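K.L.:
If you want the building blocks of each chain, they are given just below.
Number of protein chains: 2
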Amino acid sequence: MSNKTCIITFEPSGLNVQVPVGTNLLEAAHKAGVYLSSICGGDGCCGKCKLIINQGQIDSRPGTSLTEDEIDQNIVLACRTSAISDITAMVPKTHSLKTGRILTDTNTHRLGELVDQVRAEVFEFDPLVYKLTVTMRLPSVRDNTADLERLYMAVREKINAPVIETGLAVMQKLSKVLTAANYTVAVTIAKHDGVMEIIDVQPAKCSQTSFAVAVDVGTTTVVAHLVDLTNAETIDAEAMYNSQIKFGEDYIHRIIYGEQEDDGFKELQSCIINDINSLIGTIASRRKIDLQDITAVVCSGNTAMIHFLLNLDSKRIRREPYIASAGFIPPIQASQVGIKINNNGLLYCLPSVAAYVGGDIVAGVLSTRIYNKTGVSLFVDLGTNGEVVLGNCDWMVCASSSAGPAFEGSGVKCGMRAQTGAIEELTINSNGDIKFKTIGDVRPVGICGSGLLDTLAELFVNGIIDRTGRFKKNSRWKLTEGGDGLEFELFSPGTDGPGIVITQADISNLIRSKAGVFAAIKVLMKAMETETEDIEMVYLAGGFGNFLNVQQAVIIGMLPDVPAEKIKFVGNTSIAGAKAVLLSKKAHETAEKIAHSMTYFDLMTHPGYMDEFIRASFLPHTDLSLFPSAQCVKTD
Amino acid sequence: MSNKTCIITFEPSGLNVQVPVGTNLLEAAHKAGVYLSSICGGDGCCGKCKLIINQGQIDSRPGTSLTEDEIDQNIVLACRTSAISDITAMVPKTHSLKTGRILTDTNTHRLGELVDQVRAEVFEFDPLVYKLTVTMRLPSVRDNTADLERLYMAVREKINAPVIETGLAVMQKLSKVLTAANYTVAVTIAKHDGVMEIIDVQPAKCSQTSFAVAVDVGTTTVVAHLVDLTNAETIDAEAMYNSQIKFGEDYIHRIIYGEQEDDGFKELQSCIINDINSLIGTIASRRKIDLQDITAVVCSGNTAMIHFLLNLDSKRIRREPYIASAGFIPPIQASQVGIKINNNGLLYCLPSVAAYVGGDIVAGVLSTRIYNKTGVSLFVDLGTNGEVVLGNCDWMVCASSSAGPAFEGSGVKCGMRAQTGAIEELTINSNGDIKFKTIGDVRPVGICGSGLLDTLAELFVNGIIDRTGRFKKNSRWKLTEGGDGLEFELFSPGTDGPGIVITQADISNLIRSKAGVFAAIKVLMKAMETETEDIEMVYLAGGFGNFLNVQQAVIIGMLPDVPAEKIKFVGNTSIAGAKAVLLSKKAHETAEKIAHSMTYFDLMTHPGYMDEFIRASFLPHTDLSLFPSAQCVKTD
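Chains as they are written, first to last, in the working numbering: chain H, 1 to 636; chain G, 1001 to 1636.
Everything labelled a hint here was simulated from the structure, so no lab data went into it.
In this text the structure is predicted, and so the values were computed from the model without any measurement.
For every residue, glycine included, the Cβ atom is placed at its ideal position computed from N, Cα and C.
Hints may be right or wrong, so weigh each one.
Some chain G residues flagged as far from chain H (calculated, every beta-carbon gap over 10 Å) [as the list claims (entries may be wrong)]:
#1 1059
#2 1092
#3 1122
#4 1474
#5 1629
Okay, the calculated bits of chain H under chain G, using three or more residues with CB under 8 Å as the criterion [stated by the list, open to error]:
#6 141-147
#7 167-173
#8 186-200
#9 310-320
The shape of chain H in the complex, shown without the other chains (with noise of 0.2 Å):
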């Protein structure tokens, strides 16, 4: 690499870097703020870095996902490709990640539900940390007490707290605020193992509110929401992309860059930090809050996001026997790994059960509270992985199944997340035609996975694939020949640029995902001889959009067939546990409980799961007994 450097500017949005020559493009994307989608983590098989490369000089090895055509059009892999001059090159539609609004579920009226449901019939608003203004006696010559004990004696007056612990950093500023405040002071605590712990003393005429954070911390998206402790109410919410993307599309991949690159671990931390930071220092600067005023972050994600978060060793989760460092993590203090809100706030995170069933699932069963009914609940969390929990108040039971994310649009030539211009709806009626619905009614630009369940399930029912998904070829489908195989076109914009189309690869790629989350389903239930008829609710959570036909999950075979009104799209669980937690001990302890109490198994090896996949990976079974509502399926 030479001294030299060159601007490498991205279309559309126009965003732009400076980077020595010989940069990797997809590592300058990165820098620019342009975030490129990227499976194999830069090993070039996943094809998914595309760029066109409208101008300036390239050094690039086309590696075998790229088609002749798509080399003679200018389309290189970023990941192959370095930057030899200034160069001009444009990100193809459906494989950006937009950096724009990605759903925070705030909004939606079933997350809403779900929340206030988890709040107000469960759990007392009890948050983790609040404020308390006490009011102490003056000192004087005959009452000489210390400053700290003085505070302690008046927080005793007001609650029970029999041991009560103070950082260095408190108590050097103690003296100064209680005597500025004339010792009438609002003192931050937080609860946690018996233990109320001062956070901040600040004088009681500034500052009466308080606020905290929870924060999903997934995969691919990042969402916060910001909650006003006095009342229990979000305030706010933003999401954005896991910069750890450029690290691999997948956790697995980034452990395996993090083993191999010298401060790996600390880059994937920082990644996270800054993505945490920068979520809660846009919505502090929109609603106008003093960074100093947010004295709590709750985190939920899966085992190995907690570990890059808190930089914990996570080389071992995918080594068999696949063992985290730590499950049940005790609260830190935010700001030694970074987290830019008050000095001495804390952060939480959810408790994991395993190496793949983390503190998100355990948000879901929280935020479902399968854990409290009688009847036997099935829990799915289609996100990167697909993880399922099966029980009832007096079991649980759970497994990840290696799914992939081809539900959240990775792995699939036209998929996207869940945000503008996202096909989120598709039905093909008999004639061929097909109707579909976009996120913000817009033209489409990918299809999301709503979209994608969508159109498996009318692709099988209108008898456009087989059993095995594969396109029947002397139908009277019009099909094409693509680079990945035959295509199949949902959506063509005529003359202006390619269409959307779903391929084979893709089709393969989908019924591997849901098979796997059969499979798990399957293992469960057989251990704990649990029949479909016995299943009184599914709960389907993952970032699928907003309007989930969760009976199509039925017809293609992801989800027993149970009745459709059974099945109940929850939405984003994790963020909806974490805030549960944030808001109220009670539900803090029950996390807990809940991840203590669930029996982990391991698919990767179990002696039935192969089986249990290869049945499922047909459409909807190889048993078509277990799936009755699927005889609506064209088998000419």
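Given the coordinates of chain H, work out where chain G should sit on it, guided by the hints.
P.N.:
Below, chain G alone, put in the same frame as chain H:
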């Protein structure tokens, strides 16, 4: 100050330092490691930082404390002199604080006895921090509990630990250590406030050793003892002058310095932290001990010193109503203040009673066990201040006299600390023959506390001074006129330099000190209606030296007139108490109970104190009936 530098060489040590031209010589001396006395903190009024300029150009303002003779002899006050060129300066023998060996009390019979007593008879050996070796089952697919929870389970199989806490740093390294050690590890555990804190986890093979350090953070000297936590043995000890001395000899001047200078309190903190690190580093390297194996430091010191150590706000210690920031300080990570031991090692501070009765006095009460005796005891700690405790198992009262450090040798012309060359015993017979013994049996260079006590008593008993402390002018004793008024020569070196004298001003200072102490005792005795004959034991603590003739303290009227066998010199009880706390949780709890139960009398605002002080400003007292023992005194 120019950019030019010059070299300042201090004789007789030969220590030198390169400093910018214009640098103050007191500052240069401290940089060179030459500790000059400085009572006033550089105000130019105490006259303790004298230097003889042998060579070089200076800019000096004489001030009022130099005689014309001294000015003629090229004597300057370092604090009022700056360097213009390279300088060679001689430090007068009596005015240097030697960096050599200070008595650390480890080898003294008395203190050894005392510490052993405390340990064997009262407190079971149960150190604040200890190592526990645990072996865990190896993780497997069927037993995939995370490492932290696995560790907790193993710890709980061995000890009762309802609440365990672990900091981020230990969590971060946990997996690596457990796998490297094949799940057999030594866990360093600290208990406080009902919480077990895991401070460190190391492979069991590497580390069975465990050490801690007790520190007496004195205003003038800092003493550290290294203790083996596996067998309670004291391995080594080290002492040095508190390098804050350059900011003032007493802590009130240091607080003033802190208030006046930007970052003044940070400087004060750095000084004491560096001193402690230096002591620990010296011992550890001498004993070939890894600093990581030192897992706790227990500090005992007066309230101001502990505030400086932690950089707590000490401003109000010197202002009515004299309030400390904190009396009971929770253990903190030693690294938070920069103490270099195990990264997660803890710093404990003994609790204080009030702004002027600190943890060092609590340590004294703990060591002497007066809190546990039916009979009334009197405890007097004569250091830079003079603190007094009166009490028994039912009640304890305490006060601090602003005695000043006269008995530590400060404010006394030939006064010095108890170190080699100090006169520690002195007698004058009726012929006027003076006999003395020096520490190390070398040629005398000054007089330490026990020698000053002897001198004052012998001058009085032999009628050389009258009851007001004034030299009897027309007596047969030879007096000379010096810069500070009349002087009495205790040792004449012949032609080789100045002799060792006691001046009229010295005697006044010593009488003020003893009067302050006795007045404090009387105020407490009156308040508790205690008569002299009610006192069963008097414990005298302080850095007097090893051989204190306690009866002399009665003769001069510093202690109540009790039989000699009831007075016990107990040496450095501050370090003894710190060590007791280090070695026993029970002792730690007892120290807290002591601090809680003592009633503090503020003498500065006490209506009777000044009267008592004036009555005590005679030898032995205005009321001779209080001192029948003093009837041996010649009153011709």
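K.L.:
Could you run down the list of hints and mark each one as holding or not?
P.N.:
Hints and how they fare:
Every CB of chain H is more than 10 Å from the CB of residue 1059 of chain G (nearest about 39 Å), matching its label as outside the interface. Against the 10 Å criterion, residue 1092 of chain G stays outside the reach of chain H, whose nearest CB is about 40 Å from its own CB. Every beta carbon of chain H lies more than 10 Å from that of residue 1122 of chain G, the smallest distance being close to 26 Å; the non-interface claim holds. Consistency note on residue 1474 of chain G: stated as away from chain H, and its beta-carbon is indeed over 10 Å from all of that chain's, at 48 Å minimum.
No Cβ of chain H approaches the Cβ of residue 1629 of chain G within 10 Å, the least distance being about 36 Å, so the stated non-interface status holds. With 6 residues carrying a beta carbon less than 8 Å from a beta carbon of chain G, the region 141-147 of chain H meets the three-residue requirement, and the given coverage holds. Given as covered by chain G, the region 167-173 of chain H passes the check, having 5 residues with a CB less than 8 Å from a CB of that chain where 3 are the minimum. Counting residues of the region 186-200 of chain H whose beta carbon lies closer than 8 Å to any beta carbon of chain G gives 3, which reaches the threshold of three, so the coverage claim holds.
Beta-carbon proximity to chain G at under 8 Å applies to 7 residues in the region 310-320 of chain H; the threshold of 3 is reached and the given coverage holds.
Checked against the numbered hints given earlier, the structure satisfies every one of them.
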